[in-house]
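Participant: Here is what each chain is made of, one letter per residue.
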Amino acid sequence: MSVEVTVALLAWGTLVGLDLVSLPQVMVSRPIVVGAVAGWLTGDLATGVTLGVILELFALESVAVGAARYPDFGAATVGAVVAGSGNEGHGLIGLAVVLGLVLASIGGWTLNRLRHANATAVRRREASLRTGDPVAVGALQYGGLLRDLARSMTLSLLALLSGFALRTAPALPDWASTGLLMVVIGGGLAGAATGAIRNAGRGRRLKWLGIGALIGILLLVGGS
Amino acid sequence: MKAPLWRAFLRLFSVQGVWNYERMLGIGMGYAALPLLEEMRRQDPVGYREAVARQAEFFNAQPYLAGLALGATTRAEYQGVPGDKILRLRTALCGPLGALGDQLFWTGVLPALVSAALVMIAFGWTGVAVLGFLVVFNSIRVAVEWWGLRTGWASGLEVSQVLHKSWLPRAVALVGPAAGFAVGVALPVIGGWLVADLDRVVMLGTLGAAGVAMAMAWANPRVTGLRFTVVVATILLLSAWMGA
Chain A
1 MSVEVTVALL AWGTLVGLDL VSLPQVMVSR PIVVGAVAGW LTGDLATGVT
51 LGVILELFAL ESVAVGAARY PDFGAATVGA VVAGSGNEGH GLIGLAVVLG
101 LVLASIGGWT LNRLRHANAT AVRRREASLR TGDPVAVGAL QYGGLLRDLA
151 RSMTLSLLAL LSGFALRTAP ALPDWASTGL LMVVIGGGLA GAATGAIRNA
201 GRGRRLKWLG IGALIGILLL VGGS
Chain B
1 MKAPLWRAFL RLFSVQGVWN YERMLGIGMG YAALPLLEEM RRQDPVGYRE
51 AVARQAEFFN AQPYLAGLAL GATTRAEYQG VPGDKILRLR TALCGPLGAL
101 GDQLFWTGVL PALVSAALVM IAFGWTGVAV LGFLVVFNSI RVAVEWWGLR
151 TGWASGLEVS QVLHKSWLPR AVALVGPAAG FAVGVALPVI GGWLVADLDR
201 VVMLGTLGAA GVAMAMAWAN PRVTGLRFTV VVATILLLSA WMGA
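These protein sequence lines are chains A and B, in that order.
Okay, so the first sequence: first residue is 1 according to the numbering used here, each after it adds one.
Okay, so the second sequence: first residue is 1 according to the numbering used here, each after it adds one.
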């Protein structure tokens, strides 16, 4: 992978890390978007999309709401695409998804640390905030954005390094890479389905989820 | 007032820029309020500082609907409403704006559009799926956010009644079933797409893994797809490396 592509991936990972919560939350941080763009950058769109789709299934399980702790799939998807792109067949897909999941969990942890760091910064300026100092409000806002920028860039760097490391790791035996592929697709589908059922509750939404699933199965059977 | 409203709207894109466990969106709201309070700064500098302090207090809501509270409370500042009443309004809006916004966007529009994109990817329309998802989601988001800020600004203290009578509760009632339907269609279709070129044994193994993961998640809600996958994958990798 060239230096230009690596720098572009680092910039992309940083941008999508910022997008998750801080700025501008336009959903470029969703794995299907991150995976497609990272795949295009690495010259392997098909693998980028496949990895984005699998990681999106895991992302659908968690709702990124307010104070809840949730994984950060942005840079994680970039790392997974770096690890999995440019390989024939399904050899590294399972391992790349596992790397993505681990990175997403680390990303979620860094988000929690960022929130604590923001709270510390706010406490330091408590006196100015009490007097309604607009400069303090602006400084806190820009400080928070800069902290998230640093967090996202560090996470992207980690994702790239671990992605490159995985590309050079010794190949897994066939049974292990096939097993990993089954587990990551199965786990993703289970996660998305469980999240959908939990969100549906017991009302009309559950009924529509069932109707949708029936139509989905018919489309699947009809298309095969 | 259009230019300050526009500047406040742009600042709402970073309303969670300094999200923290103490004031949550508070600082972001204070930052977005500054352009709207600019006129007050010239007319009543003391009142302005008090208003900035209030706007940066604790606030929590779904970020795309935060503009409704921002518009309403800054308008109330100009109407000479007592400070404690403005703070009570802010607090009272947190619950409804959080609940309605989460249902509308996080468990409604977002999973519905992601699911539609997944189905399109399965049918081979990757570019349209990704671009379409971004364009449609952000069109809805920007329209709702702008509507919220303008409605809040026009309503002031009456914002709760206006919100109650608005299209928002009806939209929330509709988008939930639509999202359920879209996710329902997407999961079998995208599952089929992912295993399409695998042999039958691997397909059955994938279904088996999904079944075990769902059963475990059902028995214990702490078991998520992510945790299940990482644990099973770790066991697999350790077995592979020890056997090598």
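Simulated from the structure, these hints should not be mistaken for laboratory data.
Please note that the accuracy of each hint is not assured.
Partial pick of chain A residues on the chain B-facing surface, computed with a CB cut under 10 Å [said to hold, decoys possible]:
id, residue
1, R30
2, A36
3, L60
4, E61
5, F164
6, A165
7, R167
8, A196
Think of the CB as a built atom: it goes at the ideal place given N, C-alpha and C, for glycine as much as any other residue.
Participant: Are the hints correct? Go through all of them and say.
Facilitator: Hints, verified against the model:
no.: 1; hint: R30; result: 7 Å, holds
no.: 2; hint: A36; result: 5 Å, holds
no.: 3; hint: L60; result: 6 Å, holds
no.: 4; hint: E61; result: 5 Å, holds
no.: 5; hint: F164; result: 18 Å, violated
no.: 6; hint: A165; result: 14 Å, violated
no.: 7; hint: R167; result: 16 Å, violated
no.: 8; hint: A196; result: 4 Å, holds
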